[in-house]
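Residue numbers (the working numbering), protein chains in the order written: chain A, 1 to 220; chain B, 1001 to 1220.
Don't read these hints as lab results, they were simulated from the structure. Please note that a few of the clues may not be correct.
[As the list claims (entries may be wrong)] Derived list of chain A stretches under chain B, where covered just means 3 residues or more per stretch with a C-beta under 8 angstroms from a C-beta of chain B:
(1) 75–89
(2) 195–207
[As the list claims (entries may be wrong)] In silico lysine-lysine, DSS-like type, Cα no more than 27 angstroms apart, as pairs:
(3) LYS1079(B) - LYS1092(B)
(4) LYS1079(B) - LYS79(A)
(5) LYS1194(B) - LYS1143(B)
(6) LYS1122(B) - LYS144(A)
Quick caveat: nothing in here was measured; it's all calculated off a predicted structure. Glycine included, every Cβ here is placed at the ideal spot set by N, Cα and C.
Protein chains: 2
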Amino acid sequence: MAPVKVFGLALTNAARVMVCLEEVGAEYEVVNMDLQAMEHKSPEHLARNPFGQIPAFQDGDVVLFESRAICKYVLRKYKSAEADLLREGDLKDAAMVDVWTEVEAHTYHPAISPIVYECLLKPTMLGIPTNDKVVEESLEKLKKVLDVYEARLANHKYLAGDFVSFADINHFPYTFPFMATPHASLFDSYPNVKAWWERLMARPSMNKLGADMAAAIKAA
Amino acid sequence: MAPVKVFGLALTNAARVMVCLEEVGAEYEVVNMDLQAMEHKSPEHLARNPFGQIPAFQDGDVVLFESRAICKYVLRKYKSAEADLLREGDLKDAAMVDVWTEVEAHTYHPAISPIVYECLLKPTMLGIPTNDKVVEESLEKLKKVLDVYEARLANHKYLAGDFVSFADINHFPYTFPFMATPHASLFDSYPNVKAWWERLMARPSMNKLGADMAAAIKAA
Chain A
1 MAPVKVFGLA LTNAARVMVC LEEVGAEYEV VNMDLQAMEH KSPEHLARNP FGQIPAFQDG
61 DVVLFESRAI CKYVLRKYKS AEADLLREGD LKDAAMVDVW TEVEAHTYHP AISPIVYECL
121 LKPTMLGIPT NDKVVEESLE KLKKVLDVYE ARLANHKYLA GDFVSFADIN HFPYTFPFMA
181 TPHASLFDSY PNVKAWWERL MARPSMNKLG ADMAAAIKAA
Chain B
1001 MAPVKVFGLA LTNAARVMVC LEEVGAEYEV VNMDLQAMEH KSPEHLARNP FGQIPAFQDG
1061 DVVLFESRAI CKYVLRKYKS AEADLLREGD LKDAAMVDVW TEVEAHTYHP AISPIVYECL
1121 LKPTMLGIPT NDKVVEESLE KLKKVLDVYE ARLANHKYLA GDFVSFADIN HFPYTFPFMA
1181 TPHASLFDSY PNVKAWWERL MARPSMNKLG ADMAAAIKAA
């Protein structure tokens, strides 16, 4: 059987999908998209994702987009006793995974992603100067989020409880590059968050994707 | 057994939870939160949701926040042959439900919600004038989203496929009040979207919550 395909780069949201594929040990092929050649707006890609964004995903006749939806598909399809990151067999565990997955999407991501864009992607990949006002406002938002995370992680080893889940690894795509910005030391003020992040980065999946992402940023 | 509790008003994101509870026929109690008295920032509510937002939800010792996570809990717990709105038993169907649920969260919602705030909640409930520039920019974004929806709904009765799902009813909390703004006629240019919306509004759950939401806006 042909391996599943991820359309995109080992950067931002596509990296979320790749971390999940690594977690479950699935074979996959990355189809690099040339964003400067506008390949993501080609008719071929619009058939995969009508909004013309990356990542997209293909598994035979199943064609998906939206990174968090793709991740759930991957985590369900390749679920095992060792890799059950959604815990859908347990009503309460699954709910806690969902709650903190939604927190990442609606609260953490909007605070951290502008800092990554402004401090890393804009100057490095796009040659555009950083907007300091956006960075400052986003740092203020991020501190409020990290206050909540710090309290949560004082009582639980991971966000959804004392088990690692999609809610945690879902934080990889922007937290990893944030650690390459001049603001990385912010996490030093949040020891529980910092220990959580180090625990996650010790996972082979995140370690591997971290190396791939660093290479993708360097090559850009 | 005590009915489950929803903390919030039959408005915006809390209405998403209530529609799901109606869909599955669950008994529930709405605990109204007095937002002007800052009840959502009280220690009691912060114990339910550390970010101090509504809705929150309680089912015995299960306490949840984030409306879409609460909805999934409700739809799993009360799932039946007649009401299976997540379709988690089918890998492909579940993935399509997730894809279009994520589209609502990341693409549709950011386009439509500012229009509802600016044209309805601000002048009616908060006594603040509408920012026309925000409305115009959001309308342009919404048109691009509706172009994609129109094409999707030309080939499928509902967003995830030919079955109604959470991906559809998830659109209720902002689409219903949008229809009370001066821009409601925008949907006339999208006949497939309009027919989809009318099909959804004919559902008893959405019909009931529509009446509750209209009353909540009027009372505010």
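Here is what the structure says about each hint:
1. With 3 residues having a Cβ less than 8 angstroms from any Cβ of chain B, the stretch 75–89 of chain A passes the three-residue criterion, so the hint holds.
2. With 0 residues having a beta carbon nearer than 8 angstroms to a beta carbon of chain B, the stretch 195–207 of chain A misses the requirement of three or more and the stated coverage is violated.
3. Annotation: proposed proximity of LYS1079(B) to LYS1092(B) holds, straight-line Cα distance about 18 angstroms (limit 27 angstroms).
4. For the given pair, LYS1079(B) sits about 22 angstroms from LYS79(A) by alpha-carbon distance, which is consistent with the 27 angstroms threshold.
5. With a CA separation close to 13 angstroms, the supplied pair LYS1194(B) and LYS1143(B) stays within the 27 angstroms bound.
6. Restraint check for LYS1122(B) and LYS144(A): the C-alpha separation of about 26 angstroms stays at or below 27 angstroms, so the hint holds.
Going through the hint list in order, the structure does not satisfy hint 2, though it satisfies all others.
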